[in-house]
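2 protein chains.
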Amino acid sequence: MVSIRLEPIGKVFKADDGNLLEILRQAGVSIRSDCGGKGICGKCKIVIVEANATFSEISEAERKNLTEEEIKSGYRLACQTTISGKSATIFIPKESKAEVRKISDLYREAKIELKPAIRKFFVKLQKPTLADNSPDYERLTRIFGEFEIPLELLRKLPKKLREADWEITATFWKNTLIDIEKGKSEECYGLAVDIGSSKIVCHLVDINSGKTVAKGYEENPQVAYGEDIVSRVTYASKSPENLKKLQKAVVDAINGIIAKLCKDAKVEKERIYEAMVVGNAVMHHLFFGIEPKYISVSPFTPAIRKGVSFSAKEIGLDICKQGVVSSLPLIAGFVGADAVANIAITGVHKEDKLSMVIDIGTNTEIILGNKDRLLACSTPSGPAFEGAHMAYGIKAVSGAIDSVRIVEGNVEYSTIDNEKPKGICGTGMIDLVAELYKNGFINRYGKFKEKESDRIIFSPTPRFVVARAEETEFGKPITVSEKDINEFLLAKAAIKAGWMLLMRKMGIDESKLEKIYLAGSFGRYINVENAKLIGLLPNIPPEKIDYAGDTAVGGAKMALLSLDVRDEMEKVVQKVEYVELSVEKDFHSVFIRAIPI
Amino acid sequence: MVSIRLEPIGKVFKADDGNLLEILRQAGVSIRSDCGGKGICGKCKIVIVEANATFSEISEAERKNLTEEEIKSGYRLACQTTISGKSATIFIPKESKAEVRKISDLYREAKIELKPAIRKFFVKLQKPTLADNSPDYERLTRIFGEFEIPLELLRKLPKKLREADWEITATFWKNTLIDIEKGKSEECYGLAVDIGSSKIVCHLVDINSGKTVAKGYEENPQVAYGEDIVSRVTYASKSPENLKKLQKAVVDAINGIIAKLCKDAKVEKERIYEAMVVGNAVMHHLFFGIEPKYISVSPFTPAIRKGVSFSAKEIGLDICKQGVVSSLPLIAGFVGADAVANIAITGVHKEDKLSMVIDIGTNTEIILGNKDRLLACSTPSGPAFEGAHMAYGIKAVSGAIDSVRIVEGNVEYSTIDNEKPKGICGTGMIDLVAELYKNGFINRYGKFKEKESDRIIFSPTPRFVVARAEETEFGKPITVSEKDINEFLLAKAAIKAGWMLLMRKMGIDESKLEKIYLAGSFGRYINVENAKLIGLLPNIPPEKIDYAGDTAVGGAKMALLSLDVRDEMEKVVQKVEYVELSVEKDFHSVFIRAIPI
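Going line by line, the protein sequences match chains A and B.
Numbers in my numbering are just positions in the first sequence, counted from 1, shifted up by 255.
Numbers in my numbering are just positions in the second sequence, counted from 1, shifted up by 255.
Quick caveat, the hints were computed from the structure, so don't treat them as lab data.
Do not rely on the hints blindly, as some may be mistaken.
Repeated chains share a single entry, so a pair holds when one copy, or any two copies, can fit it.
Listed next, the in silico EDC-like pairs over lysine to aspartate or glutamate satisfying Cα-Cα at most 20 Å (straight line) [stated by the list, open to error]:
{"no.": "1", "residue 1": "Lys799", "residue 2": "Glu393"}
{"no.": "2", "residue 1": "Lys770", "residue 2": "Glu784"}
{"no.": "3", "residue 1": "Lys500", "residue 2": "Glu407"}
{"no.": "4", "residue 1": "Lys568", "residue 2": "Glu407"}
{"no.": "5", "residue 1": "Lys576", "residue 2": "Glu525"}
{"no.": "6", "residue 1": "Lys429", "residue 2": "Glu401"}
{"no.": "7", "residue 1": "Lys375", "residue 2": "Glu422"}
{"no.": "8", "residue 1": "Lys826", "residue 2": "Glu403"}
{"no.": "9", "residue 1": "Lys561", "residue 2": "Asp387"}
{"no.": "10", "residue 1": "Lys767", "residue 2": "Asp607"}
{"no.": "11", "residue 1": "Lys576", "residue 2": "Glu407"}
{"no.": "12", "residue 1": "Lys298", "residue 2": "Asp627"}
{"no.": "13", "residue 1": "Lys341", "residue 2": "Glu277"}
{"no.": "14", "residue 1": "Lys568", "residue 2": "Glu403"}
{"no.": "15", "residue 1": "Lys605", "residue 2": "Asp801"}
{"no.": "16", "residue 1": "Lys826", "residue 2": "Glu401"}
{"no.": "17", "residue 1": "Lys503", "residue 2": "Glu482"}
{"no.": "18", "residue 1": "Lys429", "residue 2": "Glu403"}
{"no.": "19", "residue 1": "Lys548", "residue 2": "Glu393"}
{"no.": "20", "residue 1": "Lys799", "residue 2": "Glu784"}
{"no.": "21", "residue 1": "Lys677", "residue 2": "Glu725"}
Chain A on its own, in the form it takes in the complex (with noise of 0.2 Å):
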């Protein structure tokens, strides 16, 4: 056993010899390393201060990724590195620190019969004779019947066809040949992706068996032209060539997935034939390069709506030549083809039972319905769940407290990678919210009680302590006031407002839902019982409450594999009722009753 101290956190913990990488990554410190421990990245940079211990020899993939001087300096790639010995002081410099909480992986699977857009067949054509000398053309459609050929692709046929003297693998995108291959040739792959505004998510897919060969995730680069929706809309709405640098910025993004994935399960970027996307309506509109700026502006109206598809050369995406990137349809401006992705992943739309999907984001979309009718509404919920309005709210990054307990008196909490508290972020606050008002320092209204408690400061204005000065990073109390607490409980009341009009609208009451999904990372990490406690979610038994986990990539996944998805998802956005609450006459008058506890 070694004893580790992790600088500048200033954790200690004990662990068995081994590489460094998997010592920290079991301790719950998260580290970069896009490369999966392979020495190709070059992410994992640490740096040994000092040790009463031996650590293997320096590697070549060190040597590759690290200067001399560095070496010097006692930098070593973690993954690179074992450790044996007593006891060591490593050093975690800020870009080797994975600043991103990770992507959950939990979704449901769910079981669909095999439909893919894409089959590839093996086909032995008759050679032409001067007896039958039809077109190249012609002779393929004995076998395959009247099919679309792009430009590109017939401009080849001729040479392709007897280059590989008649013996085939033709790759058709629906009824469109897109690829002819020599020879049999069964390797077939799509890619599923979910662009969120603030992170890329990829699955690759094997065509064949449905399965997901690699996965991976990437920060969307559009953040750089704006951290919120509307900013980026701004951004692209300036000039066509403003336009143009985010849709570049996001397809190069996921372009450096693709190399990635393609690398680590080893497939041919030119055997990934579709593309299925989902993403909310801004997103998608600025991944295709259709102008964004009237989704954000009242009333609110995207350029279309329905699932589309277009050829991937034209939009740049780095897969076979004449491949297909497609998206889900969206069902409104704030609810987009993320949300109909959690329609397919959940289900809801097939079943009787009365189900809710809520998807707590920048925006919060939720669905209410079953087989028979389906609702849908969206609430920007996200400045005070990122904490935008709080001073010390922070989004869900390293050191954001997520979890709070209050027990007798003291507060336990957790935090992003067990990093010293450096702010809190929505989950924490649902937490915090709801412990303060059962260990009663506030009432129903978020104002403090008169309660004995060196943890509440009543000056200059009402506060509570959450860390202590000596507890944070930076050295000064993280507290919560009066006015943090009512800015939650505002953005609460706008999701609960949301969901109590959608039953409502359905004429249900809480005792007739049958199921809620949690779709999303945020609520991959909620206190269930909490969120209820506070009026968060409708308060229903916890057996009917499901994490949906990363439901839109899932979602999206499922499309590329079937396209009975897709035609079920063109007929539930038909049949979405969308919910503009805003023009909803007794909104506020239900949101001002959503906002206490």
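Place chain B on chain A using the hints.
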């Protein structure tokens, strides 16, 4: 009556007072006049050298097209000038002469119901509101139903609709939206294109009226890469770059014609929405950039037979950004879309009566049949008819002897543009051989008889003097040898064997043949009686022979204006029985018997 002397030709003739361009045309003098006599192109410059006559005042159009100095020197535009008086000597500058025989204007304008692929609709859309914020595309489907939309246009759709304040003209190609204009726009044009191996002919067609508003032609610049088709295929097949070069050459030439036609007719290029292209299989493949190699080697297989439609942008054609380029289908490697156009315009596929369409060119395509059955074949006649293997054979250019009569032992001939003779072209050879035979100079096999005439030279080899040394441009006699006549009879035999075999396959003889359509420019200038005499055409009464004229571009225009015609032609090419002469058992014996006059 004015007596006019033309220089440098030296021709003198009498004409009624009137417009000079008209007078020159009636006298058979080919003068350039690209704008059709509107005073726009400035191509019909002439010089009035001396005159005992009065001319119209210098017009505005002449001041625009002529320099001060030219006007002082007596230059006029023929189209702008009327003459009345006794006599005039007029000089025709070289640049005003039409060097390539002008395209034949004559073609049957078959009556068709307008049913174009392109349709324009002016619509006022409901503006989106919060209560009705359907996406833009779906808003359009309320009027048009589901339709396709290219990504490029979808990208701009939101802006275009709002800039037009929701009052737009939508242009559809079939079910694809290809353009959105602000407000009401009715202008709607298409382009009919015949890509010949030596000449490209375009008609700019008003889709609303079905009328040609401007036409033009240009030499096919691929000539620079090979006079004959096979050498172009050889060049193109050497590398993808070569193929691209040939593709670009013909596209550039068409773009040049488009620019000119648009200027002449005051039409914006963006208002041309579709181009319908015909041409033989090699021209078709080269235009679309499809590998043409296998058309020219046994078993002569094109890449595709059916009519295709691709985006103008992908091909590089300079019309509406989202415009479409279509082609009529081919029949076989040597019976191309131009032959299909011939069928369309003659209507042989719809009639009870048995008709034959003969299009004499580099290859001669022959169609025989009626609504019940259609046969097609192709024979390589070109080289001989274009004079390739004859000592004084030339193409149908200025100075070519294009008709011949032998009257009482004297030779009377005409030349193209009335220039001094430089050689003899195909139509001239038909006449010459027929006249030599009728006047007892040669026997059925083309051998010179022992006949007293100063026109016959027997040494070193027997030759007939068509034009004496003093008459020709180069001061030497133009003669035709037994070898030349033999070459010509072989070419004739190839054509005759073609239609004989078709007739035999159809089970008919000449007496059952109810119509012959002579297609193409060549057919326009043939002396039918002589052609029948030598066996080039079946021997049927002259009233049953029709000059169909420039049928290819006419057929393209029909297809441009009618989807029904396109459907019809797809069915026709399925039905046509292509007869590959080289595999017909008795082709050789039929051919041998077809040689004698």
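Consistency of the hints with the structure:
For the homomeric pair lysine 799 and glutamate 393, neither the shortest alpha-carbon distance inside one copy (57 Å) nor that between copies (37 Å) is at most 20 Å. For the identical chains of this complex, lysine 770 and glutamate 784 are intra-copy neighbours only, at 15 Å inside a copy versus 92 Å across copies, given an alpha-carbon limit of 20 Å. When the C-alpha separation of lysine 500 and glutamate 407 is checked against a cutoff of 20 Å, the pair qualifies only between copies, where the shortest distance is 16 Å, while the shortest distance within a copy is 27 Å. When the C-alpha separation of lysine 568 and glutamate 407 is checked against a cutoff of 20 Å, the pair qualifies both within a copy, at 11 Å, and between copies, at 13 Å.
For the identical chains of this complex, lysine 576 and glutamate 525 are intra-copy neighbours only, at 7 Å inside a copy versus 29 Å across copies, given an alpha-carbon limit of 20 Å. Taking the shortest alpha-carbon separations for lysine 429 and glutamate 401, both the intra-copy value of 12 Å and the inter-copy value of 18 Å come in at or below 20 Å. Taking the closest pair of Cα atoms, lysine 375 and glutamate 422 come within 20 Å of each other only inside a single copy of the chain (13 Å); across copies the shortest separation is 46 Å, beyond that limit. For the homomeric pair lysine 826 and glutamate 403, the shortest alpha-carbon distance between copies (18 Å) is at most 20 Å, but the shortest distance inside one copy (26 Å) is not.
Taking the shortest Cα distances, lysine 561 and aspartate 387 sit within 20 Å of each other only across copies (17 Å), while inside one copy they are farther apart (44 Å). Taking the shortest alpha-carbon separations for lysine 767 and aspartate 607, only the intra-copy value of 12 Å comes in at or below 20 Å, while the best inter-copy value is 75 Å. Proximity of lysine 576 and glutamate 407 under a CA criterion of 20 Å is satisfied in both settings, with 9 Å inside one chain copy and 18 Å between copies. In the homo-oligomer, the alpha carbons of lysine 298 and aspartate 627 never lie at most 20 Å apart, since the shortest distance is 49 Å inside one protomer and 74 Å across protomers.
Within a single copy, lysine 341 and glutamate 277 get their C-alpha atoms as close as 17 Å, which meets the 20 Å cut-off; across copies the closest is 110 Å, which misses it. In the homo-oligomer, the alpha carbons of lysine 568 and glutamate 403 lie at most 20 Å apart both inside one protomer (17 Å) and across protomers (18 Å), since each shortest distance falls under that limit. Taking identical chains as interchangeable, the C-alpha atoms of lysine 605 and aspartate 801 lie at most 20 Å apart only when both belong to the same chain, with a minimum of 17 Å there against 69 Å between chains. Taking the closest pair of Cα atoms, lysine 826 and glutamate 401 come within 20 Å of each other only across two copies (14 Å); inside a single copy the shortest separation is 27 Å, beyond that limit.
In the homo-oligomer, the alpha carbons of lysine 503 and glutamate 482 lie at most 20 Å apart inside one protomer (17 Å), although the nearest pairing across protomers, at 46 Å, exceeds that limit. Taking the closest pair of Cα atoms, lysine 429 and glutamate 403 come within 20 Å of each other both inside a single copy (9 Å) and across two copies (16 Å). In this assembly of identical chains, lysine 548 and glutamate 393 lie within 20 Å of each other by CA distance solely across copies; the values are 17 Å between and 46 Å within a copy. When the C-alpha separation of lysine 799 and glutamate 784 is checked against a cutoff of 20 Å, the pair qualifies only within one copy, where the shortest distance is 12 Å, while the shortest distance between copies is 96 Å.
Taking the closest pair of Cα atoms, lysine 677 and glutamate 725 come within 20 Å of each other only inside a single copy of the chain (12 Å); across copies the shortest separation is 107 Å, beyond that limit.
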